[in-house]
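Protein chains: 6
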Amino acid sequence: MGIHTFFASMNDLERIIRAPGKFKFEEHNVAAHSWKVSQYAMFFATLEEMNGASINWKSLYEKTINHDFAEVFIGDIKTPVKHSSPELKQMLATVEEKMMEKFIHREIPGEFQDIFFHRMKEGKDGTLEGRLLELADKLDQFYEAYAELKRGNTEPDFVQMYEIALKKILAMPLRTSVDYFRDVIVQDVIKEKTAVDVKSLTLRILENPENPAG
Amino acid sequence: MGIHTFFASMNDLERIIRAPGKFKFEEHNVAAHSWKVSQYAMFFATLEEMNGASINWKSLYEKTINHDFAEVFIGDIKTPVKHSSPELKQMLATVEEKMMEKFIHREIPGEFQDIFFHRMKEGKDGTLEGRLLELADKLDQFYEAYAELKRGNTEPDFVQMYEIALKKILAMPLRTSVDYFRDVIVQDVIKEKTAVDVKSLTLRILENPENPAG
Amino acid sequence: MGIHTFFASMNDLERIIRAPGKFKFEEHNVAAHSWKVSQYAMFFATLEEMNGASINWKSLYEKTINHDFAEVFIGDIKTPVKHSSPELKQMLATVEEKMMEKFIHREIPGEFQDIFFHRMKEGKDGTLEGRLLELADKLDQFYEAYAELKRGNTEPDFVQMYEIALKKILAMPLRTSVDYFRDVIVQDVIKEKTAVDVKSLTLRILENPENPAG
Amino acid sequence: MGIHTFFASMNDLERIIRAPGKFKFEEHNVAAHSWKVSQYAMFFATLEEMNGASINWKSLYEKTINHDFAEVFIGDIKTPVKHSSPELKQMLATVEEKMMEKFIHREIPGEFQDIFFHRMKEGKDGTLEGRLLELADKLDQFYEAYAELKRGNTEPDFVQMYEIALKKILAMPLRTSVDYFRDVIVQDVIKEKTAVDVKSLTLRILENPENPAG
Amino acid sequence: MGIHTFFASMNDLERIIRAPGKFKFEEHNVAAHSWKVSQYAMFFATLEEMNGASINWKSLYEKTINHDFAEVFIGDIKTPVKHSSPELKQMLATVEEKMMEKFIHREIPGEFQDIFFHRMKEGKDGTLEGRLLELADKLDQFYEAYAELKRGNTEPDFVQMYEIALKKILAMPLRTSVDYFRDVIVQDVIKEKTAVDVKSLTLRILENPENPAG
Amino acid sequence: MGIHTFFASMNDLERIIRAPGKFKFEEHNVAAHSWKVSQYAMFFATLEEMNGASINWKSLYEKTINHDFAEVFIGDIKTPVKHSSPELKQMLATVEEKMMEKFIHREIPGEFQDIFFHRMKEGKDGTLEGRLLELADKLDQFYEAYAELKRGNTEPDFVQMYEIALKKILAMPLRTSVDYFRDVIVQDVIKEKTAVDVKSLTLRILENPENPAG
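So the protein lines, in turn, are chains A, B, C, D, E and F. Each residue of the first sequence is one higher than the one before, counting from 17 in my numbering. Each residue of the second sequence is one higher than the one before, counting from 17 in my numbering. Each residue of the third sequence is one higher than the one before, counting from 17 in my numbering. Each residue of the fourth sequence is one higher than the one before, counting from 17 in my numbering. Each residue of the fifth sequence is one higher than the one before, counting from 17 in my numbering. Each residue of the sixth sequence is one higher than the one before, counting from 17 in my numbering.
For the record, the hints were derived by calculation from the structure and aren't laboratory data. These numbers come from a predicted model, not from an experiment. The beta-carbon is built from N, C-alpha and C at its ideal position, and this holds for glycine as well.
Some chain C residues close to chain A (C-beta under 7 Å, calculated; not the full set):
(1) 166
(2) 168
(3) 209
(4) 210
(5) 211
Label-pair ranges, simulated between beta-carbon atoms:
(6) 113(A) x 223(C): 54 to 60 Å
(7) 110(E) x 176(B): 49 to 55 Å
(8) 133(C) x 192(F): 49 to 55 Å
(9) 140(A) x 65(D): 24 to 30 Å
(10) 207(D) x 200(B): 36 to 42 Å
Use the sequences and the hints to build the structure in full.
Below is the structure:
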């Protein structure tokens, strides 16, 4: 028991591969993903602040670096199941939460337990920081799928992942960030040379972002 | 929809790594594991038959090659969760089963659905073949853990995995097979040169196989 | 000496990579290949049985799970050599066979030697099960090559591998299976989005499957 | 030019391997390392705050997640060179800094350039947050070396890396954190079963942490 | 100290990956690269000799097999930096050279030091052998970039690497070799089926090889 | 047909892994091996020359860089087969040679064929250069096995590979080189810290190098 166990468990997240079982040209682990999410969030929070918002930076960064810690217990399995049924998604969330609790009770010394419970709980709430976390998390999904399409991965999974991420980002209640993403970042994205035709795919969604048919 | 989708999904099992997140010197995928399980079962069923048992070979082989197909949906996560709580284990079994059903309804042509439901259902029942599957599955866990200990993996996970697999095999209701395993195979195992002291660990369990403390 | 050595040698087949030396986006090991072959065979034998054939299931499964065991001795080298000359192919088959014999005499206890000799001998004979093994083995070659072409592998080796596998399957003396493969499975295959134009390649062969020029 | 280029460059850090050229049982990339450093810093800053310190959390997290971004330009080469000579170390720091400047001028839109210059500059200054970054960075070096020794890596590089990291941590001007590390964390570390005798190595350093001979 | 240390250090070059941090379908290590360079040089020197040149073969082979040994110290970082500024390139060359000197003084026994200094010094001088080394080194860069483009790598880095290598080869003061490369080898290269349109890219450069715009 | 095909085939040797199928902590490809062999040969030829021998350097380097080119056709399979029977070893040598011939006739332009036949033929003849090649080739086997033992690989294959390589080197008819190897290099080797007890193993062989029992 102890903080040493907590520190050592972080190494496990370097071995949890995102989107396991799918063919991909490049693998991403959950530790590196968490870092990228904190970087995206840093940028968009800066942008929101420059446009008048007030950011709780401590909360923002803790949400981003901790948001996938629970994957140490059951791995990165939520995406395929989520598309399958809401009940299954809920059941898995419960499993994950209970294992997190068990871990904190068993490994974290008493004086730190409250802080850990607070930090490790689901961060995607309605606060500005919760929304920025969700945007940043979706953005990494967008970039992971984009990189596969760019390199010629023809699996329908990655087209679908790209479309879902793009639509969800466009629908986020974060006007300044979403505008910048759509009007600046996406414009640079579609200028790149890609193996799969990402430009048409993207323009189709930008024109009609709420079309559920993809 | 169709058998092509089923065939293509087998490739996904080559990318599902067993015991994900744990440090190991060598990774094993679920497709290769399924093959090894069918080989272990072939040997022990032969042994049982030579000692008078009557084997349903068709059932035996179908149980072994199909027993982990459902991992294509949620990956190899049962082991750590199983050690955590029976409810969680049950919940995950339900998730897996429902996704299997969905897959068969969506992908398998009508005329083959009954056969697929029959073949893909949990094979570890009380029949001789069900018990041989369970023995073979545990034996692969035994060999995977053994190979890590032999090469010097000091993670407690693999010591625990070795102990649990060994005890479960010794307790299987398959006298001829278990005797041969304990009296012949294990004797060869403990003669090998290993980095972690597998011999002492093994002898301690052989002397007192039902000790729950390990 | 002993069954332990046999069991441990199966792990070696997880490290024998098919088509060694060729560039590929995804590697396949011989253990996983053997499992996939047993799955393809299970499906086509079911289909043949539904159409009136009588299957020796024990023989079928033993042929499929054992058919590449001898690669543990000299690796997966037959394909390139086979295309090179019949004498060399024959010489390598002899090397493989002699090493298999030596292994059984040295490692397998006397009471099991006859069974091992029987199971490990070349399974692609003229029986229905032997033909189903050959179909299933070619089908895995078809799918391995297909997956590379789909992802944009432009090496002529994989185009050639795809063509040869497809032609050999179409020429197999297994009418029901070949019809289902050509009329159902291949139709789904050519509907998929691929990087290399697999559809034209396939249609050209379907129209003129016996053209030796490819 | 643009934020898209900055976001895409983060992916490069997932391919920069730490301690390149050295044999190791497990590789770590710079992106995952940055995440672990932010986690260690979160813990020790919490501990310092519980003991009366005042933490600038925004600064702390930005220092940790950005501290190795410049490795995107020249890779992870500082450690071996640093042990070689102070001039070379200085020269490489200059190269890195100039390439960072060039990148910001070329890729980052004008309105964000000041913020990027501020965030990407060397973070290991004399502030409490700068010292926590240095502690956290050394701690990841400690854990990386420890994991190799634990698994039996006998390369002198990792013994040396472990010793240097341990000594530097013990000498950090952060009393509360260093005491907790030495009295709690290290005690748990030396209880673990390891292949190389880490316990003796550690106790020798704890007794005489300033001995330059190692 | 000793030749054993020198021999063991060669293993490190098997772990130094060329073009680190860039996405690529296939990685190449510096040891294998050195071998390929010696093969290219063998061919072109043969060609030059057949056309009347006089080759110092000992010098040629020693230049090629030793030309990247110094990368053992700072890794393969020159390419991106080289494109960045001549001063930085010079600074890194100095770092590399000093570390090489230090290594020879510390590890190589006195009686061999002069020979090692001579062999390990920069080989790309104005001699025929120095020019053949440079041609061969650029040719491997050409082939590495070509292989990525052929497989569909759309990163601009590899297009740029291909163009630069091609232009530099065409401008080498080695008439016989360059003519053969342009008139025979490149003609075979552009006949191959590739994912990215290498043929147009190549023909454009062949028509106007000195255009600095690429 | 052409030199382009020859150059491209070198890339295949980067994918041929030595000692395929055996568990190892680190893989080595045939291209990198060929480079290391040329380095070992360079050192020992220098030593022989310093002691009065006359070296044909062109021949030496061509023997070393070309000695395993034929593995492009059948892979690295000779070692296990060689230990199995002299006839099989001979049969495989014939297969390899015939495929080499075929390759040269088909791919190499007429004016270069004689040179290629000369260079690609078996180089381990009785000349000083042929013996230096054999020493260097065995030395790489020695170092590959040594590195595995040092890191704790307990597979008997690597103990056997180490013993055989050591004995063969000690028995080579190259007095100066063998003396230096035994009296200087091996003394440094056995000073290193290793996981498996290489020192005792080595001293036992040094005392009685001709004992066939290992």
